[in-house]
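S.K.: The residues making up each chain are set out below.
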Amino acid sequence: MDKLRQRAAALLADGTVTLVIGYEEGTSKPRPIFCHKAEEAGKLIYSSQCINNLAVYLTKKELMGTGKVAITATIPALRSILQLSVENQLNEENLLVITVTDKEEVKEFANFAEIEAYIADFQLKLEGKEQEIIDKLEGMSREERFKFWMEEMSHCFKCYACRAACPLCYCTKCIVEENRPQWINPWAAPLANMEWQINRAMHMAGRCTGCGACGDACPVGIPIHLLTRKMMEDLAPEFGFTPGQPSKNGNALSTWKADDKENFIR
Amino acid sequence: MSEQNIYLPYLMTIDKITNEAPGVKTFKLKFQNEEEANAFNFKAGQFGEYSAFGEGESTFCIASAPTRKGYIECTFRETGKVTSGLASLEEGSTMGFRGPFGNTFPMDEWKGKSLVFIAGGIALPPMRCVIQNALDLRENFKDITIVYGAKSVNDLVYKDELKEWADRPDVNLVTTVDPGGETPDWKGEIGFVPSVVEKVAPSPENTIAIVCGPPIMIKFTFPVLEKLGFKDDQIYTTLENRMKCGVGKCGRCNVGKLYVCKDGPVFSKEQLNDIPAEEY
Amino acid sequence: METKYISKNGLNEWFSQIVKSGKRVYAPVEERGKVEFKKVQALSEVAEEYIQTTQSIKSAVFPRAEVLFAYEKESGKVKVEDFDPETVKETVLWKVHPCDAAGFKPLTAIFNWDYKDKLYNAHLEKTTLVTFSCAKADKSCFCTSVNGGPGNTAGSDVMLTMLPDGGAIVEILTPKGEALVQLAASAFENDKGEDKSKCLADVPQMFDVEEIKAKLATAFDSPVWKEQSERCLGCGACAFVCPTCACFDIQEDAHGSKGKRIRCWDSCGFSLFTKHTSGHNPRAVQSQRWRQRILHKFSYMPDRLSVLGCTGCGRCSRACPVDMNILEHITSIAKK
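Protein chains in written order, with this note's numbering: chain A, 1 to 266; chain B, 267 to 546; chain C, 547 to 882.
Pulled out of the complex, with its shape left as it was, chain A reads as follows:
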């Protein structure tokens, strides 16, 4: 911890960065902190309890400002950073990415290529209970799966915490905010909620890096990250990318080739 704090303090003190985004102790678990001054770096922590995906702040212009920013990134956040860079949302020169290794070493990445090489060693895997739900879903029929998700959707109250926590939901005008036409009904009702989540899963198709931030953020306990996760796993072989790695073949929803199969048009 000391090494991280010292390094962050030094970066702020000598003006290399104007902001360090990291974690601090929260009420019952770690939470994001924004260090603007060297003294604030003393609050920084880093552990396996740090589950917020800090990459979500990298696209918030009012926070990032115009100077160089440092971020202490967990493995899931590193994956998000790579995907954001593939989508041209980050300025590599203005971002200093730091992580803390298993051996408690502070590692600074010189560029995004180094990040890619680093995370290649980390497998994307789910917690036991969550893998159980995915296995259960895989064993279900279409009707049973729809019933499962509709039951979950009856609890959703459209707070959009899932969207707010996702680093890849950075659209300045979300589709639910478009009212001409009103594509998705804004009120909370099982079918209206389902419409929203199906839409989000589709917009995440091929982009989701499996960080689980959406499911963690959901205040009513919907494992919504499993929906985007399953979408990612189903799409990977079709679209030729590895789950958890940035989709360099282009965005699944907005990329088209002349020889694309069209056998779904009947």
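Read the hints as simulated data drawn from the structure, not as lab findings. Built from N, CA and C at the ideal position, the CB exists for glycine as well. There may be inaccurate statements among the hints.
From chain A, some residues computed to sit far from chain B (all C-beta separations above 12 Å) [said to hold, decoys possible]:
| # | residue |
| --- | --- |
| 1 | His-36 |
| 2 | Glu-39 |
| 3 | Ser-47 |
| 4 | Lys-68 |
| 5 | Gln-89 |
| 6 | Gln-123 |
| 7 | Arg-180 |
| 8 | Val-220 |
| 9 | Gly-240 |
Partial chain C-side listing against chain B, Cβ under 8 Å, derived [unchecked claim]:
| # | residue |
| --- | --- |
| 10 | Tyr-572 |
| 11 | Val-624 |
| 12 | Phe-657 |
| 13 | Cys-778 |
| 14 | His-822 |
DSS-like cross-link-like pairs, simulated, lysine-lysine; straight-line CA separation at most 30 Å [as the list claims (entries may be wrong)]:
| # | chain 1 | residue 1 | chain 2 | residue 2 |
| --- | --- | --- | --- | --- |
| 15 | C | Lys-882 | B | Lys-347 |
| 16 | C | Lys-882 | A | Lys-29 |
| 17 | C | Lys-881 | A | Lys-29 |
| 18 | B | Lys-296 | C | Lys-882 |
| 19 | C | Lys-662 | B | Lys-309 |
Put chains B and C on the given structure of chain A with help from the hints.
M.R.: Only chains B and C this time, still in chain A's reference frame:
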């Protein structure tokens, strides 16, 4: 117990549609229910929530005067979902109206005073109710001056009424268009509203100034009035904010500790000084 | 106000009589790893060991989506169908906490401020609150700092304080509460003189709400809003789980010539809440929206409606994905 549902609109028939300017229309509305028509009254400055069934509601002031019975009018610019829905309606069709909401211009307090109305573009409608009201009770007021400007000649609204006001000997009407917005035969002023106000230089002596316009116009008009000697309690404006319910419950128009739909939309500059400018 | 005693068996008897009477009963139920209010038929379904439900029970009087009226268009004319209060069912909210019951006061104040909200009042009239006082609290609770307390009876129709023997002290507080008790009058016994205060949780007072109000009156331009809100993601979780947040949106559910006008939950924390059609947004950045949340609850509502907009239930802090802990934020303002 048949309590009224405050979210249920009156059903109105569109009696007449006037195309004021590109994208701007005036609707003359009549109540479909005679009882409701007879029971309805309002005061200058109040607003309503106008429904296009199938699209939603939009907030506009009531642009006609309470002294003219049997109908109400609203003027709006087609800008979004609801206003587009309204703009597509024809004469004879039904729309909804909830109101009147909000506070009013304190016209009783202004008896015996001179009135200066300063408006820009689409902000003339909220003032038209109080101008018509004042003209209908002309003997209650001393001098009446109207300074009204728009981007171009075409963008001036209530063109027929402007002619009426210009022709009256007991009204001093000064119209202006932004530099570049004039036509070859334009006989009015050319210049932004604040500078025209400075030129007209109305006297603050026993006078009330009512200002309404886009934020930028108001920002530059207030200092002009101050320079001319108007005190904050002599200046009134009507605020616009995002509103939905109109009855102080949905929370949207809460500005500082005031609610534009309940404490406004009419505010004196004195009252505005108490609330944070950035909030509206 | 009358105090009685009810035994464990008596409670079972009373509960089953309430269910038999045809009233809908909502109580905290443990499901999917969370405790939430759900319709129940038996006392055994009710959750036992928990501090607080994730969501409040304001949906009983202020549903997350509600039809204001329905309409049908035909050749230029429109027919409307108004909300019918007769469609509201008798409801009992069982095992709400004092902070939940207290939340009905600001809600009622907002929905009856000059204009009376027919729908809210219709729901409230048919709702009876059976509140259980709190024997336990956690560090997110702060009812005692906002004029509340673990045994506070404000807003309740009946209050039960559980006793070690499985029975409870019963405080019958309103005519509605009395009517509910009458459903199983024989299940209630005379007050045994148990001391309620011995069964209540210890919730230390963390700040003085009047002091906060005074500080907030001059805090509009303070840098504290930006400092506190940097990590806020701008979702609606805090507003939606809150028992007193009542901001709503009005939307149209249109299907060709027929449709409904719907009222649904909204939050001042969302970026679009105050955006004008012109594109101008008075609260364009999150710090302004965070400031609005705090000022509205702790300053504007007390000023205009003489009621606090917070009951100290701590739900917002527990639900927030990034730990925006309102107790922590208010206490830090108190210290400035």
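S.K.: None of the hints should be skipped; say for each whether it holds.
M.R.: Against the structure, the hints:
The beta carbon of A:His-36 sits about 23 Å from the closest Cβ of chain B, which is more than 12 Å, so the claim that it is off the interface holds. For A:Glu-39, the requirement that its beta carbon stay farther than 12 Å from each beta carbon of chain B is met, with the minimum near 30 Å. Listed as a non-interface residue, A:Ser-47 keeps its Cβ farther than 12 Å from every Cβ of chain B; the least gap is roughly 39 Å. Even its closest Cβ contact with chain B, about 29 Å, leaves A:Lys-68 beyond 12 Å, as expected for a residue assigned away from the interface.
No Cβ of chain B approaches the Cβ of A:Gln-89 within 12 Å, the least distance being about 29 Å, so the stated non-interface status holds. Every Cβ of chain B is farther than 12 Å from the Cβ of A:Gln-123; the closest lies at roughly 47 Å, confirming the non-interface assignment. A:Arg-180, annotated as away from the interface, has a beta carbon of chain B within 12 Å; the closest lies near 5 Å. At the 12 Å boundary, the C-beta of A:Val-220 stays outside the reach of chain B, the nearest C-beta of that chain being 23 Å off.
Distance check on A:Gly-240: its Cβ is at least 41 Å (rounded) from any Cβ of chain B, clearing the 12 Å threshold; non-interface status holds. Interface restraint check: C:Tyr-572 against chain B, minimum CB-CB distance 24 Å, threshold 8 Å, status violated. Evaluation of the C:Val-624 hint against chain B yields a held restraint, the C-beta minimum of about 4 Å falling below 8 Å. At a threshold of 8 Å, the smallest CB-CB gap from C:Phe-657 to chain B is about 6 Å, leaving the interface hint in force.
Against a cut-off of 8 Å between C-beta atoms, the interface hint on C:Cys-778 is violated, since the closest Cβ of chain B lies about 18 Å away. Hint status for C:His-822: holds, given a least beta-carbon distance of 5 Å to chain B, under 8 Å. For the given pair, C:Lys-882 sits about 46 Å from B:Lys-347 by alpha-carbon distance, which is inconsistent with the 30 Å threshold. Taking the CA atoms of C:Lys-882 and A:Lys-29, the gap is about 26 Å. The hint holds against a cut of 30 Å.
Distance hint between C:Lys-881 and A:Lys-29 is fulfilled; the C-alpha atoms sit about 24 Å from each other, no more than 30 Å. A distance of roughly 57 Å separates the Cα atoms of B:Lys-296 and C:Lys-882; the hinted pair therefore is violated under the 30 Å criterion. Annotation: proposed proximity of C:Lys-662 to B:Lys-309 holds, straight-line Cα distance about 21 Å (limit 30 Å).
Hint compliance for this structure: hints 7, 10, 13, 15, 18 are not met, and every other hint is.
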